[in-house]
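S.K.: Given next are the chains, with one letter for each unit.
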Amino acid sequence: AQSVAQPEDQVNVAEGNPLTVKCTYSVSGNPYLFWYVQYPNRGLQFLLKYITGDNLVKGSYGFEAEFNKSQTSFHLKKPSALVSDSALYFCAVRDPNSGYALNFGKGTSLLVTP
Amino acid sequence: EAGVAQSPRYKIIEKRQSVAFWCNPISGHATLYWYQQILGQGPKLLIQFQNNGVVDDSQLPKDRFSAERLKGVDSTLKIQPAKLEDSAVYLCASSLVVGGDGEQYFGPGTRLTVT
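Keeping their order, the protein sequence lines are chains A and B. Sequential numbering of the first sequence, starting at 1, is according to the numbering used here. Sequential numbering of the second sequence, starting at 1001, is according to the numbering used here.
Keep in mind that the hints were calculated from the coordinates and are not lab data. Keep in mind that a hint or two might mislead.
As the list claims (entries may be wrong) - Label pairs and their in silico Cβ distance ranges:
1. A/Pro-7 x B/Asn-1051: 34 to 40 angstroms
2. B/Glu-1014 x A/Leu-56: 47 to 53 angstroms
3. A/Thr-20 x B/Trp-1022: 22 to 28 angstroms
These figures come from a predicted structure and were not determined experimentally. We treat Cβ as the ideally placed atom computed from N, Cα and C, and that holds for glycine.
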C-alpha cells in the first residue's frame, strides 16, 4: 500500500527563519506526492505536487519541496517563514490501487513565532 | 470559479440518531471524494465516485454509512445510526479526472459531534 509518514507532530520556527516540514514515503512504482495546508475551520488547500521531472518543486505561497528518491523523502521547505504560515500541513501520496485517492500523513502543526 | 460547497458546517447529534451531509463539487468535476478526518489524524478516504458510479468504497462502514451521487453532480453522505466514534470532520473533495496528476479541491468540511 502507498503511504506517507510525517515524523514530527509540531515544528516551531521564528519568523524570517527557514522552515522544513518532513515527509517520507513508501510506495511501489512511481510516487505521486502532494502537500496540502489546513487553516483552522477551513478545508485543505493544495500547495504543490511532484509527479515527475525536476526534484525541486515550487508551489503556492513561496513553498517548495524536494523529492529525494534515495531517501524516499519529500520535505516541504520555505526560505523565510511568516507568522501567517502557521497551520497544519499534510503530506499525501496518490494510491493507484485505491482509485487514485489520496493517502494522507497524520499532519504536522507548524507554529511560526514573531 | 466557485469551490466545493458543503452543508451543514456543524452538526451535533446524539448517538443512534441519523445525520446527512451534502456536497456540491466544482462544476464539471467528474470525480468526487468523501474523507473522514478524526481529530489529530489525516483525512481518510471513505468513498470515491466517478460521475455517479462508485470507484472505491472499501473503507466505508457500510453497516451504518451510505452515500450516493445522483445525476453525477451533488452527493450526500448519511450515517445511521451514529456512534460516538463517528465524531469527526467530513470532507468532500472533487477533481476533474480520475488518476493522473489531477489536483483534488476540498470543501470546508462538516464538523460532526456525536454525544
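S.K.: If a hint holds in the structure, say so; if it doesn't, say that too.
M.R.: Cross-check of the supplied hints:
no. : hint                                      : in the structure
1   : A/Pro-7 x B/Asn-1051: 34 to 40 angstroms  : 39 angstroms, holds
2   : B/Glu-1014 x A/Leu-56: 47 to 53 angstroms : 51 angstroms, holds
3   : A/Thr-20 x B/Trp-1022: 22 to 28 angstroms : 39 angstroms, violated
Hint compliance for this structure: hint 3 is the single one not met.
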